[in-house]
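Protein sequence lines, in the order shown, are assigned to chains A and B.
Going by this note's numbering, the residue at position 50 of the first sequence is 50; the numbering climbs one at a time, nothing skipped.
Going by this note's numbering, the residue at position 163 of the second sequence is 329; the numbering climbs one at a time, nothing skipped.
Since the hints were derived computationally from the structure, they do not count as laboratory data.
Treat the numbers as computed from the prediction; the structure is a model and nothing was measured.
The hints are all genuine.
Just so you have them, the derived chain A footprint on chain B, three or more residues with Cβ under 8 Å:
no. : segment
1   : 203–213
2   : 462–474
Below, simulated DMTMM-like cross-link-like pairs (lysine to aspartate or glutamate); rule was C-alpha separation at most 20 Å, straight line:
no. : chain 1 : residue 1 : chain 2 : residue 2
3   : A       : 156       : A       : 122
4   : A       : 147       : A       : 63
5   : A       : 39        : B       : 194
6   : B       : 307       : B       : 388
7   : A       : 29        : B       : 194
8   : A       : 156       : A       : 63
9   : B       : 483       : A       : 17
10  : A       : 147       : A       : 132
11  : A       : 102       : A       : 139
Each residue gets a CB set at the ideal place from its N, CA and C atoms; glycine is no exception.
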Amino acid sequence: MEKQKPIIHRKDLRWYEQFYIPQIIAGMKITLTQVFRPKFTRQYPEVKWQPPPSFRGRPVLVEQNGVERCVACGLCSRVCPALAIEVQASETELSKERYPVKFEINMLRCIFCSFCEEVCPEEAIVMSQDFELTFTRQEDGIFGKDKLLTPLDKLKDRLEFLRKMR
Amino acid sequence: MEIIITIIKIIVVLGVMLGCVAYIVLLERRLSAGIQNRIGPNRVGWQGLLQPIADVMKLVFKEDIVPTKANRFIHDLAPIISIGVAMTTFAVIPFGDRINLFGYDIKLQIADVNIGILYILALTSLGVYGLTLSGWSSNSKYPLLGGIRSSAQMISYELSMGLSIIGVIMIAGSLELDTIVEAQAGWRWNIILQPIGFITFVVAAFAETNRLPFDLPEAEPELVAGYHTEYSGMKFALFYLSEYANMFVASAIITTLFLGGWQVPFVHSLGLPDFWVSVIQVFGFLFKIILIVAFFIIIRWTIPRFRYDQLMNLGWKFMLPIAILNLLITGLIILLI
Numbered sequence: 001m002e003k004q005k006p007i008i009h010r011k012d013l014r015w016y017e018q019f020y021i022p023q024i025i026a027g028m029k030i031t032l033t034q035v036f037r038p039k040f041t042r043q044y045p046e047v048k049w050q051p052p053p054s055f056r057g058r059p060v061l062v063e064q065n066g067v068e069r070c071v072a073c074g075l076c077s078r079v080c081p082a083l084a085i086e087v088q089a090s091e092t093e094l095s096k097e098r099y100p101v102k103f104e105i106n107m108l109r110c111i112f113c114s115f116c117e118e119v120c121p122e123e124a125i126v127m128s129q130d131f132e133l134t135f136t137r138q139e140d141g142i143f144g145k146d147k148l149l150t151p152l153d154k155l156k157d158r159l160e161f162l163r164k165m166r
Numbered sequence: 167m168e169i170i171i172t173i174i175k176i177i178v179v180l181g182v183m184l185g186c187v188a189y190i191v192l193l194e195r196r197l198s199a200g201i202q203n204r205i206g207p208n209r210v211g212w213q214g215l216l217q218p219i220a221d222v223m224k225l226v227f228k229e230d231i232v233p234t235k236a237n238r239f240i241h242d243l244a245p246i247i248s249i250g251v252a253m254t255t256f257a258v259i260p261f262g263d264r265i266n267l268f269g270y271d272i273k274l275q276i277a278d279v280n281i282g283i284l285y286i287l288a289l290t291s292l293g294v295y296g297l298t299l300s301g302w303s304s305n306s307k308y309p310l311l312g313g314i315r316s317s318a319q320m321i322s323y324e325l326s327m328g329l330s331i332i333g334v335i336m337i338a339g340s341l342e343l344d345t346i347v348e349a350q351a352g353w354r355w356n357i358i359l360q361p362i363g364f365i366t367f368v369v370a371a372f373a374e375t376n377r378l379p380f381d382l383p384e385a386e387p388e389l390v391a392g393y394h395t396e397y398s399g400m401k402f403a404l405f406y407l408s409e410y411a412n413m414f415v416a417s418a419i420i421t422t423l424f425l426g427g428w429q430v431p432f433v434h435s436l437g438l439p440d441f442w443v444s445v446i447q448v449f450g451f452l453f454k455i456i457l458i459v460a461f462f463i464i465i466r467w468t469i470p471r472f473r474y475d476q477l478m479n480l481g482w483k484f485m486l487p488i489a490i491l492n493l494l495i496t497g498l499i500i501l502l503i
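Construct all of the structure, not just a fragment, from the sequences and the given hints.
Pasting the structure below:
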């Protein structure tokens, strides 16, 4: 049996509609009114987008009381699917006893998966809201501790979000 | 002295025309952006006013690629034909009344040809060679399809274009563009006397300039970029320029034939000296052209593209009979009056 085609109901054009001209003028009115409506464009470098706390931007180390929270357990380095994180541990006099001498994230490799953030037992590495990562040389793509350390109060939104969602 | 005046006129007209065309591109980009709720180019210069210069700079430094097995000579020739036709058409269009400058009586028209309309019709139909040759010489399928389409489309619309002009010629009783403009003094514009002729001519002009409801030669969804797919760098820029120059010239022809040319109503009642009257008339002419160009642009972003068979149906079954009917009615009325 042949499949029945769906019936399309088309209105017959009225006599004045067959000249198309009133329709064209109506269409032009619609397009012209769009010109005066608010624009959707964001003037990017001047007006920046504020990402929501759920946004996964550049991973950073949380800095509390002037030192990083990180205890250099190396879990983030283990879990990283792109092998972007390199940690070297050492001992310290502080109560956390261990700290990373070297903590490097290769931003050329990072895929912003936030696995490091999930696995971290100390909430020491979180995804920030920073999405502007430009560098002109490959060597600049390896972010060391100097670039990664971020004060705690800048990351409050994300930490709150993580506590709520976990 | 005549020659020097003519050369100065040519330089001024070409300069004004190229400047206008460059800014029509900007107008199109800004207006289309507005219609799509965007902002459009506004970074180069104040509100993007230097954008045309930046565009040209970019295109000049682009590599000029010629496809292998392309017919190199014709491939180079095609954009030259396109731009040449677009530029030379403006020669016979009067852009103002006589003006008295430094003791010289200058007629504001480059070439005062007594068969002005015939010249325009002849040259605009030459424009199709640019498109067809570019399509054929590229040795590529999409440009070839675009070229074939353009030739078919232009030939179909040439006829109704010519026929809709004849009504205007009958009213003015001359092929000379100057006489036609003078016949439209005051409010006796041909758009009022010849509304059907105006509509058919505008539609045919859209088809002749390959603007959107009829832009089949470069229909992006089907033919990549149509006839100029294989062009790059300055040769592409020439095609781009000629498209907009064609639009400018088509608007100028529409203005001259139907919107009273450089006639500005009531300008003589202001009591200004003759020189300033002429200047106002020249700017009035430019203003009318820009209005028509804006109309072209808004139409482009309003109406979807015609299918090929719809285009041919409209051209042969609708436009042609209406143009002939308009011709008969005009003739009858002229006979009776």
